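These are the residues of each chain, in order.
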Amino acid sequence: MTNGSPSERAISPGKSGQSTAVRVRDVTMDFGNGALAVSNASFELETGKFLTILGPSGSGKTTLLRMIAGFETPTSGEITVNGKPVDSAPPHRRSIGMVFQKLALFPHMTAAENIAFPLKMRRFNPKTIPRRVDEFLDLVKLGGYGNRRINELSGGQQQRVAIARALVFKPELLLLDEPLAALDVKLREEMQLEFRRIQHELGVTTINVTHDQREALVVSDDIIVMDGGRIQQHAKPVDLYRAPDNAFVAGFLGVASFINGHAVPGGLTSGENFLSGTHAGNFADGTAVRGAVRAEQIRIAAESGQLAACDTRLTGTVRDTIFEGERQLYVVATDELPGITFRVYHHDPESFGLFEIGTRVMIGWNARDMKIFEFRAS
Amino acid sequence: MPRDSEDRSFRYPLKWRIMDGLNAALDLLWPRRLGRYTGWALLTPALLLVGILVLGLFQIAENSLHTLDTSTFLPGEEYTLANYRIIAESPTYWRIVWRSLLGAGLTVFFTLLLALPYSYIMVRTNKAALRKTLLIVLFLPFFIGQVVRAYGILIVMGSSGAVNDALGLVGIEPIRLLFNFPAVVFGLVQYMLPFAVLMLAPALTAIPRETETAASSLGANWVKVFRHVILPMAKPGLVGAALVVGTLSLTDFAMPAMLGGGSQDFIANAIYDQFFRTADQGLGSALALLLVALGSVIAGVVIAFFGAGTLGMRGRK
Chain A
1 MTNGSPSERA
11 ISPGKSGQST
21 AVRVRDVTMD
31 FGNGALAVSN
41 ASFELETGKF
51 LTILGPSGSG
61 KTTLLRMIAG
71 FETPTSGEIT
81 VNGKPVDSAP
91 PHRRSIGMVF
101 QKLALFPHMT
111 AAENIAFPLK
121 MRRFNPKTIP
131 RRVDEFLDLV
141 KLGGYGNRRI
151 NELSGGQQQR
161 VAIARALVFK
171 PELLLLDEPL
181 AALDVKLREE
191 MQLEFRRIQH
201 ELGVTTINVT
211 HDQREALVVS
221 DDIIVMDGGR
231 IQQHAKPVDL
241 YRAPDNAFVA
251 GFLGVASFIN
261 GHAVPGGLTS
271 GENFLSGTHA
281 GNFADGTAVR
291 GAVRAEQIRI
301 AAESGQLAAC
311 DTRLTGTVRD
321 TIFEGERQLY
331 VVATDELPGI
341 TFRVYHHDPE
351 SFGLFEIGTR
361 VMIGWNARDM
371 KIFEFRAS
Chain B
1 MPRDSEDRSF
11 RYPLKWRIMD
21 GLNAALDLLW
31 PRRLGRYTGW
41 ALLTPALLLV
51 GILVLGLFQI
61 AENSLHTLDT
71 STFLPGEEYT
81 LANYRIIAES
91 PTYWRIVWRS
101 LLGAGLTVFF
111 TLLLALPYSY
121 IMVRTNKAAL
131 RKTLLIVLFL
141 PFFIGQVVRA
151 YGILIVMGSS
161 GAVNDALGLV
171 GIEPIRLLFN
181 FPAVVFGLVQ
191 YMLPFAVLML
201 APALTAIPRE
211 TETAASSLGA
221 NWVKVFRHVI
231 LPMAKPGLVG
241 AALVVGTLSL
251 TDFAMPAMLG
261 GGSQDFIANA
271 IYDQFFRTAD
281 QGLGSALALL
291 LVALGSVIAG
301 VVIAFFGAGT
311 LGMRGRK
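Protein chains in written order, with the numbering used here: chain A, 1 to 378; chain B, 1 to 317.
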């Protein structure tokens with residue numbers, strides 16, 4: 001290791017924690033094909049934070065990222081990076097590093113040449129370039145691989161080159177456009193932790209785009225959930241999981257079962273059944289609502305005695321059992337709510353495989369675990 | 001699959017039945033166990049064709065070793081290298097060889113210069129209409145053929161042609177645009193452009209747009225993107241196009257004959273003269289072999305230094 005590791009030179013995280021690095025205000029993007037790709041998006045991101053924009057494909061998350069990168073110009077609204085409008089300079093003069101979905105490494109260059117490219121283009125002192133390149137090869141744990149050509153590196157190593165190349169010129173902002181989407185699960189999880197480590201080490205403000213809820217939860221300080229071009233919720237990972245703002249967010253993070261019905265005080269009615277739950281917001285009696293219960297918050301038992309503590313109890317039949325390794329998933333159809341299948345997680349290894357398909361069971365949950373949202377047809 | 005008992009009226013579509021029939025017939029003609037020879041069987045016609053060419057080449061090599069007996073106007077009996085000596089000692093032939101090489105080199109240079117932006121725009125444009133227009137404009141001359149095209153150039157660039165008329169409008173005296181070396185190169189470039197674009201377009205398509213975006217986000221302006229990313233990544237296409245355009249120009253006959261007006265002969269014209277004007281088969285054959293050798297050596301050197309580009313399947317980029 002050389003003295004003066006990247007971490008010492010970088011902007012130290014926390015110190016400037018209160019300043020705003022990225023400000024997106026009322027940004028709308030209309031490609032003119034009917035629906036708005038992004039509609040009235042606004043958010044702010046503090047310097048040094050790691051933000052993930054999470055959403056299904058077609059949610060507008062990539063368009064939003066490309067606008068922040070300055071590759072697309074919003075139809076209306078304003079985006080500033082460290083106070084300056086993003087399109088005030090042409091792309092090659094902006095201080096934004098980006099890791100692309102398909103990495104976009106230069107196949108005719110070695111790993112070291114790839115990492116040196118932005119330094120040469122940005123006219124860094126040629127004498128300092130080799131040392132800086134080595135420093136960043138070390139940072140991404142590729143020390144000694146500098147002379148390899150890109151096609152001689154594994155998928156994970158190529159990822160690391162792409163990260164080093166995007167960071168080596170110390171950009172003010174790092175953008176990640178689903179770079180992990182193509183990796184297999186094991187490698188993806190490893191790289192998620194790497195992103196986190198490198199981001200912490202350099203303290204660079206980062207915006208990541210993904211459809212992988214797990215990745216979002218693992219790497220981010222903040223998460224924005226998008227759907228249909230709109231920001232659905234902007235919160236810290238734990239809050240997002242614990243207190244989703246609407247049924248879409250509840251369904252997108254984790255596994256949940258949904259019950260449509262009408263609002264009544266202390267819960268909802270579905271058909272003739274009353275189910276106690278917690279209203280997320282104030283709605284009048286009779287409003288169309290949707291209740292959501294997470295799979296891990298539903299209890300399952302052979303008889304009602306074991307579910308005495310639950311506020312809601314239903315009787316049903318096991319329709320399917322899926323063993324997922326660290327947990328068992330039961331799909332249960334209830335007598336009371338015939339149209340709905342409940343998904344129930346069982347995390348206790350002792351009782352894996354306890355119920356077989358066709359077994360009569362009881363399921364139940366507490367009122368605080370069923371969130372009731374206003375129903376929006378979408 | 002429907003059971004007979006359930007639906008007797010069911011029949012597979014006609015196309016499927018024809019294909020099944022063809023498959024069955026093929027199985028009879030060429031049983032499966034011959035499968036591993038299928039490749040060779042398919043290759044045979046082409047090999048025969050090339051074989052005839054090689055035989056012809058041997059014939060030409062044999063011819064080149066006999067001088068013309070001026071008394072009988074038949075090739076002499078004895079073997080001699082005299083024809084080659086004539087070529088080596090003749091300044092005219094040296095000039096023709098040099099002119100062919102220079103002409104081919106210049107044609108490659110200008111063709112690639114024009115073809116690169118042309119194919120880049122064609123590949124990268126988002127407008128389908130523009131892409132189609134570029135393609136049509138490129139391929140229309142293909143249907144016209146080389147000779148007719150050369151005639152067109154003769155008409156347009158002649159002393160009373162459209163170009164000189166246009167120059168006259170701005171007060172420039174008619175100038176001789178034809179029957180000189182630049183005219184031949186002009187004609188060749190015009191003729192070769194579609195070939196070069198055809199070779200370059202796939203190579204440029206293979207460069208992901210994202211790679212260029214990445215380069216610019218890393219700090220490269222468009223000149224640097226072109227020089228450090230597009231040019232090196234398009235190299236296979238450039239090498240392939242240069243090889244095709246180079247060989248075709250080096251061996252071209254019609255453009256030097258028609259646009260050079262007899263004063264700008266390439267090697268192919270000299271060969272034609274020997275075979276069909278002076279009827280000196282020996283000298284003509286020697287010139288032909290010289291052309292084959294020149295072309296092969298140049299192609300060999302290019303491939304050795306740059307790889308075969310898009311022409312070589314397994315070649316590195």
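Some clues are possibly wrong.
[As the list claims (entries may be wrong)] Straight-line alpha carbon distances no greater than 25 Å define the calculated SDA-like cross-link-like pairs of lysine to any residue that follow:
hint: 1; chain 1: B; residue 1: K127; chain 2: B; residue 2: W16
hint: 2; chain 1: B; residue 1: K235; chain 2: A; residue 2: N151
hint: 3; chain 1: A; residue 1: K170; chain 2: B; residue 2: K224
Calculated from the structure, these hints are not laboratory results.
Since this is a predicted model, take the numbers as computed values, not measurements.
Status of each hint after checking the structure:
{"no.": "1", "hint": "K127(B) / W16(B)", "result": "violated, 39 Å"}
{"no.": "2", "hint": "K235(B) / N151(A)", "result": "holds, 17 Å"}
{"no.": "3", "hint": "K170(A) / K224(B)", "result": "holds, 20 Å"}
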